[in-house]
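Top to bottom, those sequences are chains F and U. Counting with UniProt numbering, you get residues 1 to 346 for the letters of the first sequence. Counting with UniProt numbering, you get residues 1 to 223 for the letters of the second sequence.
Worth flagging that the hints you see were computed from the coordinates, not collected in a lab.
No farther apart than 30 Å at their CA atoms in a straight line, the calculated lysine-lysine pairs in the DSS-like style are these:
| no. | chain 1 | residue 1 | chain 2 | residue 2 |
| --- | --- | --- | --- | --- |
| 1 | U | K192 | U | K179 |
| 2 | F | K332 | U | K80 |
| 3 | F | K332 | U | K164 |
| 4 | U | K119 | F | K261 |
| 5 | F | K261 | U | K13 |
| 6 | U | K164 | F | K261 |
| 7 | F | K6 | U | K118 |
| 8 | F | K6 | F | K332 |
| 9 | U | K138 | F | K10 |
| 10 | F | K10 | U | K179 |
| 11 | U | K138 | F | K261 |
| 12 | U | K119 | F | K10 |
| 13 | U | K138 | F | K14 |
| 14 | F | K10 | U | K118 |
| 15 | F | K6 | U | K119 |
| 16 | F | K10 | U | K127 |
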Amino acid sequence: MNLAWKEMKKSNTKFVILGSIVFLISLLTFIISGLANGLSQDNAALIKNLPDGTIYMETAAEETHALSAIDTDTEKQVLMENDGAFAFSIQMGFLLNEQDGQQSVAFATSTGSAEFPDVAKGDIILDRSLEEDGIKQGDIFNNSQLEDEFTVAGFTDGAKYSHAAVAFIHPDDYADMYRTEQMQMLFVPETAQPRTVSGLQSFSTEEFLNTLPSYSAEQLSLSMIVWFLVVISGMLFAIFFYMMNIQKLGLYGILKAIGVKTGALFRMIWTQMLVITAIALILSIAISQLFGRVAPSDMPFHLPVDATLQLTAVFFIIGFFGATLSGLQIRKATPLQAIQQGEESA
Amino acid sequence: MIFTTQDIQKTFKTGEVAEEILKGIDLSLTEGEITALVGASGSGKSTLLTIAAGLQAASGGEIHFDGGELTAMNQEQIRKIRAQSFGFVFQSPHLVPFLTAEEQLLLMLETAGSPLSKKQRREEVDKMLHSVGMAHRKTAYPASLSGGEKQRVAIARAIVHQPKLLFADEPTASLDSTKSHEVMGLLQQLTKTLNIATLMVTHEEDMLAYADRVITMKDGRFA
Ligand SMILES: Nc1ncnc2c1ncn2[C@@H]1O[C@H](COP(=O)(O)OP(=O)(O)OP(=O)(O)O)[C@@H](O)[C@H]1O
Ligand SMILES: [Mg+2]
Numbered sequence: 001m002n003l004a005w006k007e008m009k010k011s012n013t014k015f016v017i018l019g020s021i022v023f024l025i026s027l028l029t030f031i032i033s034g035l036a037n038g039l040s041q042d043n044a045a046l047i048k049n050l051p052d053g054t055i056y057m058e059t060a061a062e063e064t065h066a067l068s069a070i071d072t073d074t075e076k077q078v079l080m081e082n083d084g085a086f087a088f089s090i091q092m093g094f095l096l097n098e099q100d101g102q103q104s105v106a107f108a109t110s111t112g113s114a115e116f117p118d119v120a121k122g123d124i125i126l127d128r129s130l131e132e133d134g135i136k137q138g139d140i141f142n143n144s145q146l147e148d149e150f151t152v153a154g155f156t157d158g159a160k161y162s163h164a165a166v167a168f169i170h171p172d173d174y175a176d177m178y179r180t181e182q183m184q185m186l187f188v189p190e191t192a193q194p195r196t197v198s199g200l201q202s203f204s205t206e207e208f209l210n211t212l213p214s215y216s217a218e219q220l221s222l223s224m225i226v227w228f229l230v231v232i233s234g235m236l237f238a239i240f241f242y243m244m245n246i247q248k249l250g251l252y253g254i255l256k257a258i259g260v261k262t263g264a265l266f267r268m269i270w271t272q273m274l275v276i277t278a279i280a281l282i283l284s285i286a287i288s289q290l291f292g293r294v295a296p297s298d299m300p301f302h303l304p305v306d307a308t309l310q311l312t313a314v315f316f317i318i319g320f321f322g323a324t325l326s327g328l329q330i331r332k333a334t335p336l337q338a339i340q341q342g343e344e345s346a
Numbered sequence: 001m002i003f004t005t006q007d008i009q010k011t012f013k014t015g016e017v018a019e020e021i022l023k024g025i026d027l028s029l030t031e032g033e034i035t036a037l038v039g040a041s042g043s044g045k046s047t048l049l050t051i052a053a054g055l056q057a058a059s060g061g062e063i064h065f066d067g068g069e070l071t072a073m074n075q076e077q078i079r080k081i082r083a084q085s086f087g088f089v090f091q092s093p094h095l096v097p098f099l100t101a102e103e104q105l106l107l108m109l110e111t112a113g114s115p116l117s118k119k120q121r122r123e124e125v126d127k128m129l130h131s132v133g134m135a136h137r138k139t140a141y142p143a144s145l146s147g148g149e150k151q152r153v154a155i156a157r158a159i160v161h162q163p164k165l166l167f168a169d170e171p172t173a174s175l176d177s178t179k180s181h182e183v184m185g186l187l188q189q190l191t192k193t194l195n196i197a198t199l200m201v202t203h204e205e206d207m208l209a210y211a212d213r214v215i216t217m218k219d220g221r222f223a
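Isolated chain U, as found in the complex (with noise of 0.2 Å):
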């Protein structure tokens, strides 16, 4: 298991009031699969994954990941695993505006250190966008993408450094039916062909089928 979760709490205070949204939460990931986080709105699903991935710290308990534990960690060393081993998918595609489909992929290469020399990442980004359907668009500003394509090209920005935890926070939520199909297709096919842990928040319940395990969160536990 390359990461796990013990207890984890997270109270958010606004003004006197302290309110418990995680309250005790034990995960763990396994490579190649993907685990669906479902559950009511507000029951804790964006802070769960902001946490696991870092980008917030939690009140209590204790993330493991890789032989590290990323809740004794300061933020640069924090940064750095996000940048080396952590992808991200978010609901809308967040690309670079002034960047073309190539260039977020390379972006996201040099901000993980790649060794690779800059033939062999240029390389590796064709073959990422070619896995995603996108090689003939690489040279395409987000601005003429469709909004689909914007989210392949997003998909392939969040593993061409070939990282070992891929979050994604409802990332179908702004796509049709179709595309969403298309895309999630897409995550299944490599979270297991680079065996990659995937935790995915969802509402729709067509995209769990494409999920290896379902977990049903409830008031800040898993129900």
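This is chain F alone, in the form it adopts within the complex (with noise of 0.2 Å):
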């Protein structure tokens, strides 16, 4: 016989009540997890949007990337020895003109690689977000760093750095804008053999967006604020079953003394468990993908498949032992006590 359906069926309310917490929960922790991931992706999608593989910088410039300047007989040898690597960097700055005013962007550029797009001398390729803004081929920038001007060759996507546009520009007009033939960093992809160069410090992509200071800062925050949920979610489960177990112990002790098994009475709160998770769940992803398409283009929210599966498994583990952990006093329940109980209150 299903107890945990029957049981769920007739005192539906407490059910119910537990059912919207939990839809409630993980729905605001697969929204806040959509916008860590998508401050994340705004801040550094330049550099999570690289394949696996290593980076590097000088060891001197003591993990800050724009203080790094790798000395050009080393490049040449490492983009030698290695296929696909290649070396890049990063600025901050501006770009200025009559229509369109002052746009801040990060400047990049690379020796020629698969990840960053060419550009030529005098061309610029934006991020695609603004294009949205109102930019278009074509346009003409000023830079007060540079004697030359900047024309707009396209438009390519996922190029955000430090919550700013990236704006791809050839290394010459990088070296004549920063005064310096050096690049910054080398990235070499995981096919070729990653190993130690010196003076030059090694980061996995993962490690280095931990060295920028505002990643780190917001990412601990927000997912602080994730597996608080979380916590809380399996909590709830906990508290919820021990405050009916409680009322139940006499049930249990009673359902134990004519003979049900112990193994019974933990089936029937785990398929409740697992019912009001799983259907709170559906409709918490529904509703937060839901949200990701409505939500305005300039906030940053992207919550991908993987992170909400990810996400939803842990809701369910922490469900499991939320229940489990207060299903204990089930085992506790003993048939005496139960009769004893009912003797004495009435």
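Using the hints, build the complex out of the two chains.
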């Protein structure tokens, strides 16, 4: 007999309330996690979109890439030894013109690479978000650090850095603007053997992202909120089933007295937890995905399927633990207690 | 004799003090008979009943049931025997609040591992509810039943799986006089027709008329 289902049908109010709370908490978790992802994308899509690999910068720069300058001989040697490796630099700056005003951008340049678009001298390629802001191909921009002008040659997707649009420029233009022939960083894809290069410090892309001060601060606080919510939902299950079980200890004792297995009682609360969690999560996944669609485009919201599935799994696991933890009382409920309680209460 | 105990002892330790509650009980129960257990409060009636029913362990002595030794079995073996061969009626009905009268009995059949098909189980349950006069309320939940009706459903649940032993600890204590006689008449009739060995604890003189045998307990012994 499906005791779990029978109870949920009979005392549905209790379960609907629990389900609604789990739904609200999981929805909040998904939305915050979408925001965390979106912000991280906004802050470092340029780096996150790189394939797996190793980033090198000068050890003396102490993890600040803006201070790093890689010796040209070292650069040549690393690029020669590793297939697909390239050198690149990123600097914050401005673009200016009459009709578009001042745009804060991240100038990025690289020695020929498949990951960064090829740009001719005097051209720039901008992140797609600027096209949405009204900038068009062929627009001309000035820059205070450069005498020549830039012509917008095109747009590319997913090029954000430090919450600014990336402007890809030719290495020669970069050299003129920042008066250096040296690149800040090297990238070596994972296919090539990563190894130590003297004078250079190596980072995985994830490690590199954590050297960006705003990035780790943002992500830390948001992921803390997400984990708190997950833990709260686990505790909610534990507390809810604890309260219900306390009320039902007598019943459990009687059921045990007539021979119902303890395992059957555990299966009952597990089933209830599973059903509630499943319904609540399906609803909140649907709504958070819908939210992702209709959220305004300048709101950084990005909730990929794998992140959703991961969180869903975590909710199930934590709900299971919460329910089981409170279920431990079932084991303590003895038939004898129940019978004697009956005598006392009457 | 389907059920016998030899020299059952029970000692409760509260801190340093060990209190002897049962001091060597030899009890035997016969099929088709109600054995009533009476005695002063605290004389050890409930303790004896729960030990006999395998709900708590004795401190010494042996219990034999249907060719097996209960006192030598593990928890799971005892649970199985309780589910298949014992029935319980308590002072309060202790029905499952979210099951209908019919479902209470179906749950008992399932717990007992009844070999009957689904359809046969329903028929059996109908028959049993009918014999306790509750057939017309089979889809009712406990909350909508009166005290006497609940206790009748509880009795039906206790015997629907055709147990060999029925344990009843003050089954009429929560009922008024008319209802008590109704319930006792029912227990007597079912004990006879189903050939069950029933052990009943009671405080009510009136109810002894239904018993085939009355045993008085005094200070942990049969008087
Ligand atoms: N778990 C226990 N721990 C300690 N003492 C207990 C325990 N269970 C019962 N006792 C004691 O054993 C004695 C007999 O209790 P029992 O419940 O068997 O009496 P009873 O004859 O059923 O009484 P009543 O008629 O009031 O129901 C009492 O003194 C009681 O306090
Ligand atoms: Mg008693």
